[in-house]
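Chains S and Z, in that order, are what the protein sequence lines are.
So the first sequence is residues 16 to 126, counted in the working numbering.
So the second sequence is residues 35 to 141, counted in the working numbering.
No lab work stands behind these hints: they were computed from the structure.
Note that beta-carbon positions come from the ideal geometry of N, C-alpha and C, so glycine has one too.
Don't take every hint at face value.
Unchecked claim - Dumping the calculated DSBU-like pairs for lysine-lysine here, alpha-carbon to alpha-carbon at most 35 Å: (1) S/Lys-30 with S/Lys-77; (2) S/Lys-77 with Z/Lys-37; (3) Z/Lys-75 with S/Lys-30; (4) Z/Lys-75 with S/Lys-86; (5) S/Lys-26 with Z/Lys-102; (6) S/Lys-86 with S/Lys-31.
Claimed, not checked - The following label-pair restraints were derived from C-beta to C-beta distances: (7) S/Asn-53 with Z/Thr-54: 23 to 33 Å; (8) S/Gly-18 with Z/Asp-64: 24 to 34 Å; (9) Z/Glu-49 with S/Ile-27: 31 to 41 Å; (10) Z/Lys-37 with S/Pro-23: 16 to 26 Å.
Here is what each chain is made of, one letter per residue.
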Amino acid sequence: EAGVVQSPRYKIIEKKQPVAFWCNPISGHNTLYWYRQNLGQGPELLIRYENEEAVDDSQLPKDRFSAERLKGVDSTLKIQPAELGDSAVYLCASSLVYEQYFGPGTRLTVT
Amino acid sequence: ELKVEQNPLFLSMQEGKNYTIYCNYSTTSDRLYWYRQDPGKSLESLFVLLSNGAVKQEGRLMASLDTKARLSTLHITAAVHDLSATYFCAVAGDMRFGAGTRLTVKP
Numbered sequence: 016e017a018g019v020v021q022s023p024r025y026k027i028i029e030k031k032q033p034v035a036f037w038c039n040p041i042s043g044h045n046t047l048y049w050y051r052q053n054l055g056q057g058p059e060l061l062i063r064y065e066n067e068e069a070v071d072d073s074q075l076p077k078d079r080f081s082a083e084r085l086k087g088v089d090s091t092l093k094i095q096p097a098e099l100g101d102s103a104v105y106l107c108a109s110s111l112v113y114e115q116y117f118g119p120g121t122r123l124t125v126t
Numbered sequence: 035e036l037k038v039e040q041n042p043l044f045l046s047m048q049e050g051k052n053y054t055i056y057c058n059y060s061t062t063s064d065r066l067y068w069y070r071q072d073p074g075k076s077l078e079s080l081f082v083l084l085s086n087g088a089v090k091q092e093g094r095l096m097a098s099l100d101t102k103a104r105l106s107t108l109h110i111t112a113a114v115h116d117l118s119a120t121y122f123c124a125v126a127g128d129m130r131f132g133a134g135t136r137l138t139v140k141p
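Construct the complete structure from the given sequences, taking the supplied hints into account.
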């Protein structure tokens, strides 16, 4: 069974540029999560989807971050414009019931 | 706001020794997760604890949950070098993670 797929794996951009991350969850998993992990810290939940509905986006900085999960499968997380402090690893995870499965992450560097 | 505290944050162990990592959280939750992360890698699920008194074991790792005390423990038995990694607990609700425990097992 394929795991959670994320792309790109690495991204380097200049500040004020836009960037987008893509996630394909495990087939059949209704719940999808986006996390941000800063170096040396635990992941921080940005947004959680149940099918197409964003049920928890309280930690998403809505002035510059947006996300969508069309058709309840793939999801895209966007940052516009990026700031230096956005440099981090962005992790996508999916679950069917309780257990979460994480993708490999996208390492973003903003210069 | 839910707070999750892990301790210790750094742990250096000798092979063959036992130790316990603690995870305290501040508000009621009925589900707690433990993950392992190797350097430069993503997170690997170790345990999902679903109820008070839940105990799960896999190899040299055993996790338990006391929802009344708002405490979970991850016990390491007879540590081996392969267990060197960072271990995170996370509490359901808003999926808040602890800061992680960096475990190094030395020969």
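Going down the list of hints, with the structure as the test:
With a C-alpha separation of about 17 Å, the suggested pair S/Lys-30 and S/Lys-77 falls inside the 35 Å cut-off, and the hint holds. Distance hint between S/Lys-77 and Z/Lys-37 is fulfilled; the C-alpha atoms sit about 23 Å from each other, no more than 35 Å. Of the pairs offered as hints, the one joining Z/Lys-75 and S/Lys-30 holds, with about 26 Å between alpha carbons and a cut-off of 35 Å not exceeded. Simply put, Z/Lys-75 and S/Lys-86 have alpha-carbon atoms about 29 Å apart, close enough for the 35 Å limit, and the pair holds.
About 44 Å separates the Cα atoms of S/Lys-26 and Z/Lys-102, which puts this hinted pair outside 35 Å; it is violated. For the proposed pair S/Lys-86 and S/Lys-31, the alpha carbon gap of about 30 Å is at most 35 Å, so the pair holds. A C-beta distance of roughly 27 Å is found between S/Asn-53 and Z/Thr-54, which places it inside the suggested range of 23 to 33 Å. Separated by about 27 Å at the C-beta atoms, S/Gly-18 and Z/Asp-64 satisfy the suggested range of 24 to 34 Å.
In this structure the supplied range 31 to 41 Å holds for Z/Glu-49 paired with S/Ile-27, their Cβ-Cβ distance being about 40 Å. Taken as a hint, the range 16 to 26 Å is violated for the pair Z/Lys-37 and S/Pro-23, whose Cβ atoms sit roughly 34 Å apart.
Going through the hint list in order, the structure does not satisfy hints 5 and 10.
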